[in-house]
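Chemist: For reference, the chains in residue letters:
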Amino acid sequence: MAVDVLEHGQLEHHEVAPPAYPGGIRRFTKGGWLRALWTTPLAFGLATALVCGIRWGAHWDPVWDLAPLLTAWTIVTPIGFLIGMGAFDYWFYWISGQRTRPEDHSAHGADSWRDYLRINTDHKVIGVQYVVTTFSFYLIAGVLALFVRAELAQPGSDFVNTQSYNGLVSAHAGLMIFLFIVPIFAGFGNYVIPLMIGAPDMAFPRLNALSFWMLPIAGLIMLCGFLLPGGQFAAGWTNYAPLAEVNPVGNIMFQMGVQWAGASSIATALNFLVTIITMRAPGMTFWRMPLLVWANFTTSLLVVLATPFLAGSQFMLLLDRVLHTNFFVAENGGYVIGYQHIFWFYSHPAVYIMILPGFGIISEIIAVFSRKPVFGYRLMALSLVAILILGFSVWAHHMFVAGMAPWLRIPMMITTLLIAVPTGIKVFSWLATMWEGRIHFRTPMLFAIGFISMFVIGGLSGIYLGSVPIDIHASDTYFIVAHIHYVLFGGSVFTIFAGAYFWFPKMTGRMYNERLGKIHFWTTFVAFNVTFFPMHYVGLQGMPRRVADYAPQFADWNMVSSIGAFALGASTMLFIYNVVVSWNRGEPAPSNPWRSMTIEWQLPSPPSKFNFDEIPQVVGGPYEYGVPGARHAVFQGTGVEVKEPEKVGAH
Amino acid sequence: MRKSLIIQLLLLGVVVGAISAAVGFLIPWLPELGSTQGKRIDDIYVLTSIICLAIFTVVAAVSIYTFFKFRAKPDDYEDGAPIHGNTVLEAVWTAIPAALVTIIGVYSAVVLVKNEHVPANAPVIEVTAQQFVWSFTYPEIGVTSGILRVKEGETYELKMQSRDVIHSFWVPQWRVKQDVVPGIETTIVVTPTKTGTFPMICTELCGLGHSTMRTSAIVLSAADYDKWAEEQKSAAEAGGAESGKQVFVNAGCGGCHILADAGGAGEVGPSLDKVLPELTADQIRESIVDPNKVITPSYQPNVMPGDYGDTLSDEQLGALVDSLVSTSQKG
Amino acid sequence: MSAIAEPRLGGHDDHHPPVAHASSRVNASLLGIYLFLASEAMLFGSFFAAYFFARVAAKPETWPPEPYHLPVFLAGVNTIILVTSSFTVHWALHSIKTNHRTGLIAGLGLTMGLGLTFLLIQITEYLRIGFSPRDLAFGSTFYGLTGLHGLHVFVGLCLLAIAFWRAVRGQYSPEKHLGVEIPGIYWHFVDVMWIVVYVTVYVI
Ligand code: HEA
Ligand code: HEA
Ligand code: CUA
Ligand SMILES: [Cu+2]
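Chains as they are written, first to last, in our numbering: chain A, 163 to 813; chain B, 17 to 347; chain C, 41 to 244.
Excised from the complex, chain A in its bound form (with noise of 0.2 Å):
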C-alpha cells in the first residue's frame, strides 16, 4: 500500500488512458462490477483449490476443513473482488514498469448516482459512501439490537436460543464497532476535512478508495457468519480467548472481518494524518484549524498506533485456531490474560476513536449555533492530546477482576480516572460557549446539547468503573451496558446525528426538514433514557451481562427496556423518512445556511468536483464570532484585503 503514489509529480512524459466507458467485451475487462463480477468466483475458487490441493497433498483430514477454508476464503476473495472493481488497476501498472500515467481523474467525482457505486478517488464522493454505508450497518445492527431486546423483554429463553442469542449480541456490538461508530467518523472527516482544511482532496485519493471498498467486505464477511454451521461468532465483540477458540468456526468471520475493518481505518487515518501535515491552506496554521480537524488528527494517531493491536490479537486467534499454535493455550504454556492485555491495548485507545471526532463536531456545531467563539480554543485542543496519551495508558481498566498482575491495578485506576479532567475541560467549555450565547436550536444544536448531558452520564459511570472496588461490584453486568450505550448512544451515536443533520446541507445540496428533526430528537432522546437508564439499576442489582435468560426480579425494567428499544427504532424510522424525502425533493441548500466560518461552508452546496478554484487564504481563527471585521479564510478573488490579523488563542 505504501507504493501509494510513489512518483507522482515527477512524470516527463505520458501514455493516453484507455477510455471510461468501453463497450463489448472489454466491459468484463475493464474495471469494474462487471469485472468483479468474474474475477471474484475466480478467487474464491482459487482460494478453495489452495487450501484442499495443500491438505490433500499433505494428507491431512479432512480435505475439506472448514477453518483453514473460511480463512483463505475471507482473505482471497475480497481481494479478486477489489481487483475486479479497478481498486488496484494504478498500481498494477505501476509494476509493471510503465512509465507512469498522469491523473485523468476519470475516477473521480460524481455525474451520477452510479459514480458512486464504483471506485471513486472523490475525497466527497467517498464521504458520501461511507456514511451512507455505515449507517446502512448501523440499521443492521440495530435490528439485531432489536432482537436481542425481544429475547430479554421477559425472563426465560423463548425467542432464540442461548447460542443464537450470544450470536446476536456479539454481532450486534462488532457492527455496530467496526463498521458503524469508527467508520462513519472517518466518513464526516472524508467529507469535510480537506474542504475545512483548504485541501482539493486528500493526500493519497486512491488508498482512499481502497480504504473505503474495504468496509462492505468487512461488514460481509461479519454478516456470512449467520449462515455458518454452528452459528455466528457469539464470544462477545470481546471475543475472549479460550472461548474465541473453542466456540464454532464462526469466530474466523469475526477476526477476519475485523482485519478488513481494521485495515481499513489504518488506511484512513494514515491518509488523515498526511493530509492535515502536508495540505494545509497557507495561513493555516496549527492553532487556526477548526476543532474538527484537531479531533480527527488525535483519532489517527491514536488508530495508526493502537489498531495493530487488534490485527495482532486476532491474528493470534486465528493461528491458534488454524494452525494449532498455542498463544493463549494454557495448558501448553500460553498466558491467556495476554490476549486481553493485547485486545485492550486497542480497544481502550478504541473508545476515544469513537468519541474524540465527535467531540470534534459538537465543538463546530455549538460555536455555530451560539454565535460565540469556541471557549478556551486552544485548550480544548490540547485536552484532546492530553487524551489521546492518558487514553495510552489505561487499558487495564477493562480488566480489573480479570487476574492480571494485581499490582497493575491501582496504577491503572488513577490514569483512568484523570481522563475525566481532560473531557471535564470539554465539557465545561462547551457549557461556557453557550453561556450568554444567541442560540439557535436548530436540530444539529439540539443534538449537541442532549449529548453534552447524555455523555457526561456516561462518563460519570465511568468513574464509578474506574475505582476498582465499584468496578469489582458492577463489571460484567448491565451496569457496563448502561455505561456503554451512554457513553456510544448517547455520546458517538448523538454527534453523528448532530454531523448528519449539520452537513447535510453541504453533502447533499438540500436542506431537510426541521420539524422532523426536532421530532426525532426528542424521541430519541426520551427513548434512548428509557432503554438504557434503567439499566444501571438491573445491573447494580445483579443482572449479569450477556445473558438470554434472567432472574424474574429484573422482568419489570427489562421490559421497559424493550419498549424503549422498539421505540428507538421508531424514531429511527423519522430520520430515516426526513434523509431520504429531503435528499430528493429538499428546498436547496444555501451554501452557507448556519452562517459559519469554515472554509466548507464558504463554498457552494455541494462543492464543486475539485472543491476549489483557487486554494483559499487564511487570515484568522476559525470561531471568531461576534468580533467586528473577522475572517478565517479568504479567497483571492474576493478581493478582499489578505492581511494577518493578530495572534488568536484562549485568552
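Keep in mind that the hints are not guaranteed to be accurate.
[Claimed, not checked] One side of the interface only, derived from the structure: several residues of chain B facing chain A at Cβ under 8 Å:
1) 26
2) 62
3) 87
4) 88
5) 109
6) 114
7) 198
Honestly, the hints are just simulated from the structure, not real lab data. Note that the Cβ used here is the ideal one computed from N, Cα and C, for glycine as well.
Since the structure of chain A is provided, determine the placement of chains B and C with the ligands on it from the hints.
Modeler: Just chains B and C with the ligands now, kept in the frame of chain A:
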C-alpha cells in the same frame, strides 16, 4: 444583569441537585449488603455518588438554563459576545476535577488494600469452574459440593481454578467478583455477614450455557455450619464409598437439576423429579455419560458437561444411577 | 492521483484541481511511509507482547523450554547478511542520486540477493530447528515473531523487485527516485526490526 443570571442559575442548580440527590440516594441502587468487604465498597460508592451527582448537577443545570435563557429569535442575526476564554475559570475547572478524582482514587486504593487482606488462619475453599458448573471443595471437611456453604462472620479465601474457559465468580450481595482463568489460580477474600441464600452467578461469557451457570451461596450461622460440616465428615468417613446422593451433590448435578431428595435446586436442565420416573436405569446412565445422544425436548445440547463418564469412577456412576432410580421409585 | 502531485496540471476549470498548498516541507509519500512503519512497528509490538507473556507472565520453568534450543550462531550470520543489505540498498539510492544507473541496478540486485539468502537460511533453520509452531507457546511465539518478520522480508523483496524492474527500464533519475527511496526505507525498517527480534528471541 450578570448577577441575576448567576442567582437564577443557582436556584435552578438547587432544584436539579435535589432531584439528582433524590434519584441517587432514595432509590436503593445496590442490593442487600452481606459482607464486610461489601460495606467498604458501598462506602466508596456513596462517596463517588456524591461527587458525580454534584458534577452532573452543574452540567445539567447549566444546560437547562442555557436552553431556556439564551435562545435567540429566529430572525436574530446578531452574534454573541466574542469571549475567547478565561484563564482563571479554565484553571478552576482543571484543578477541581483533578482534586475530586484524586480523592476517589486514594480512597479506592485504601479500600482495595483493606478488602484483600487475608487473615493468617483464613479457611480455604477451592472453587472449580467448568462449562457450566461450579464446584466447591472444602479441604478441611474433605467434601466437594455444587453449592457454596460458608459460616457467618468467618473470613474465607476462595482459591479458584477453571477447567476450560474463563468464568467469573459473583455474589451480588457480597459485592465480590473475580474471573476464574484457565492456567492460573485467582483468589477471592470474603467475610459474609448475613445468613441466607444468595445467588452465585457466572458473569464472564463462557459459552452457550453462560446464562444458566448459576448456583447458590448459602451463609449459615456458626452452629448450623458446624452441624452441616459434621454431617458431611461423618458421611464421608462412614461408608468409605460415597453414596449416590453424595455423588449427585459433589458432581454439581444439583446446580442444574431439581431433585428434592438430594437438595438439587437448579433450573438449567430438566427437573429430575419430573423426568426420572419415565426413564429406565440404562437411559439414565446414558443421559449422564453421553448427554448429547438424546436431547430432552426444549433443552439444548452441549449444556450438560459431557465428561462425567471420565470424571466419575464406575462405582460412583453405579451408585449415582442406583440412587436416581430408587428416588424416582420412591416418589 | 495525489493532488499535491500535479504542479504542472494545476488549473482553474472544473477538470483539474488547483495545486494544494504545501504546508510542510516533508514529502507526503515519505511521511506516509513513516507513519505506515510506525503502525507496522506496533504490529510487531503486539507479537513481542505475546512473546513476553509466554516467557515471563506464564512463568515457564526454563526458557527456552527443555529440550529445545536456538541456533544463535546461524541466526547471527543471518543478522550480518541482513545488515549488509541495508548498506547495499543505501548504495543503490546514493547511486541514482548521483546518476549512476549501474550502481542503482547493482545495488538493488545485491540487496535482493542478500535478502533472498536471508530468507533461505531462515527456512532451512525452520526445517532443522526441531520444534514447530505447535510446540508450546514457546514455539508459537518464536515462529510468530520470526515468521512475521520473514513475511516482511518477503514483502520488502517484492518492493525491491518492482524497483529493480523499473530501474532496468530506466524509470529513475537523480530528480525522481522516490520509487527507490521508499522500498529502501521499508528495507531499513525490516533490518532494524530483525535486530530487535534477534536480540530478544535469540540473545537475551
Ligand atoms: C465512546 C466510548 C467510551 C468512552 C468515551 C468511555 C469513557 C470512559 N470509560 Fe468506558 N467503556 C466503553 C466505552 C467508552 N468509555 C465500552 C464500549 C466499554 C465496555 C467494553 C466491554 O467490555 O464490552 C467500557 C468499559 C469501561 C470500563 C470497564 C468496565 C468493566 O468491564 O469492568 C471502565 C473501567 O474503568 C470504563 C471507564 C471509563 C472512563 C473512566 C471513561 C472516561 O473517559 C469518562 C470521562 C468523562 C467524564 C468523567 C464526564 C465529563 C467530565 C466532567 C464533567 C468533569 C468532572 C468529572 C469528575 C470530577 C468525575 N469504561
Ligand atoms: C455504537 C455502539 C452501539 C449502539 C449504537 C448500540 C445500540 C443499541 N444496543 Fe447495544 N451494544 C454495544 C454497542 C452499541 N449498541 C456494545 C459494544 C455491546 C456489548 C456487546 C458485548 O457484550 O460483546 C452492546 C450490547 C447490548 C446489549 C447487551 C446484551 C447483553 O449483554 O446480553 C443490549 C441489550 O439490550 C443492547 C441493546 C441495544 C439497543 C436496544 C440499541 C439501540 O439503540 C438500537 C437502535 C437502532 C435501531 C432500533 C435500528 C433502527 C432500524 C430499524 C427500525 C429498521 C429500519 C430498517 C429499514 C428502513 C431498512 N446492546
Ligand atoms: Cu461460566 Cu459464564
Ligand atoms: Cu476503556
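Chemist: Decide, hint by hint, whether the structure agrees.
Modeler: Now for the hints, and whether the structure bears them out:
1. 26: Check failed: Cβ of residue 26 of chain B comes no nearer than 14 Å to chain A, outside 8 Å.
2. 62: Violated, because the Cβ-Cβ distance from residue 62 of chain B to chain A comes to roughly 10 Å (cut-off 8 Å).
3. 87: 6 Å, holds
4. 88: 4 Å, holds
5. 109: 4 Å, holds
6. 114: 5 Å, holds
7. 198: With a minimum Cβ separation of about 4 Å from chain A (threshold 8 Å), the hint on residue 198 of chain B holds.
Of the numbered hints given earlier, the model fails hints 1 and 2; all others are met.
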